[in-house]
Amino acid sequence: MTDHPGSALVVDDDPVVLALLEPALQAEGLEVRTASSVDEALAALSSWTRIWCCWT
Amino acid sequence: MPGRLGFELQHWLQQQPQNARIPVVFLTQHDSVEDRAWGLANGAVDFISKSLLAPSSIHLLALRVRNLVMVQESQGLREALAAIVSANHQINNRLMVIMSAAELLKRRFGDGGADAEDLSLLDDLIDAADLIGAWLHRLAAADRWQFTSYLEGCEMLSEPAAGPDAS
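Those sequence lines, one after another, are chains S and U.
Going by numbering that gives the first Met the number 0, the first residue of the first sequence is number 0, and it counts up by one from there.
Going by numbering that gives the first Met the number 0, the first residue of the second sequence is number 0, and it counts up by one from there.
None of these hints come from the bench; they were simulated from the model.
C-beta atoms are modelled at their ideal positions from N, C-alpha and C, and glycine is treated no differently.
Honestly, I wouldn't trust all of these hints.
Derived Cβ-Cβ restraints for the label pairs, each shown as a range [said to hold, decoys possible]:
#1 126(U) to 35(S): 56 to 64 Å
#2 123(U) to 25(S): 47 to 55 Å
#3 39(S) to 89(U): 38 to 46 Å
#4 15(S) to 14(U): 28 to 36 Å
#5 26(S) to 93(U): 46 to 54 Å
#6 44(U) to 14(S): 50 to 58 Å
#7 15(S) to 66(U): 21 to 29 Å
#8 142(U) to 26(S): 31 to 39 Å
#9 21(S) to 134(U): 37 to 45 Å
Here are some chain U residues pointing at chain S (derived, C-beta under 8 Å) [to be verified]:
#10 7
#11 18
#12 26
#13 32
#14 52
#15 64
#16 69
#17 72
#18 131
#19 135
#20 138
With the C-beta cut set under 8 Å, the calculated list includes, among others, these residues of chain U facing chain S [unchecked claim]:
#21 8
#22 58
#23 60
#24 77
#25 80
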């Protein structure tokens, strides 16, 4: 797992929440993507195969 | 929340077989018991209070997510191992057919005075099938391989006993 970190997609319409969570999750070794709308989240999900956790 | 965005996304995930098992965690502020019940009944694995976003506690929030991801990864590995065991049986059945046919041909050719090159090719076939069989035997117990603790809470896979030599 050290070679293949888990992934998290963080979804929130508040950019402050995204800015807080992205570095915090990265510090725990997770690969992080962010989205601020359902459309952005769906685009991320369709182009990213290793997603384990999704925040809203 | 979870507001419209969270519920809409979760609803969409549940409709997609390839996404239905992505664990969803809601960051919540003042959601009602009804909202929480709906979320948990529809695939949310947890609700975490937005108060944890404070600088003094955000690392706790990140650790909870990391733990969730680790559980999910272990589950994914176990399912992959179970699939290997299932495929193993299918491959092994066909391999038995190949090996029996090769042995039968070798016996027939041997009786009929076939040339040495043909017999050598059959021996190569039988040897290769034997090696494949040894590896299949090793994989047959893949779903019983052990997950053991490794560095920093990560897990590693190890076989309970040594397999055949890959000579």
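For each hint, the structure was consulted:
no., hint, result
1, 126(U) to 35(S): 56 to 64 Å, "60 Å, holds"
2, 123(U) to 25(S): 47 to 55 Å, "52 Å, holds"
3, 39(S) to 89(U): 38 to 46 Å, "42 Å, holds"
4, 15(S) to 14(U): 28 to 36 Å, "30 Å, holds"
5, 26(S) to 93(U): 46 to 54 Å, "49 Å, holds"
6, 44(U) to 14(S): 50 to 58 Å, "25 Å, violated"
7, 15(S) to 66(U): 21 to 29 Å, "25 Å, holds"
8, 142(U) to 26(S): 31 to 39 Å, "34 Å, holds"
9, 21(S) to 134(U): 37 to 45 Å, "43 Å, holds"
10, 7, "5 Å, holds"
11, 18, "6 Å, holds"
12, 26, "6 Å, holds"
13, 32, "18 Å, violated"
14, 52, "5 Å, holds"
15, 64, "6 Å, holds"
16, 69, "7 Å, holds"
17, 72, "6 Å, holds"
18, 131, "28 Å, violated"
19, 135, "26 Å, violated"
20, 138, "21 Å, violated"
21, 8, "5 Å, holds"
22, 58, "6 Å, holds"
23, 60, "7 Å, holds"
24, 77, "14 Å, violated"
25, 80, "15 Å, violated"
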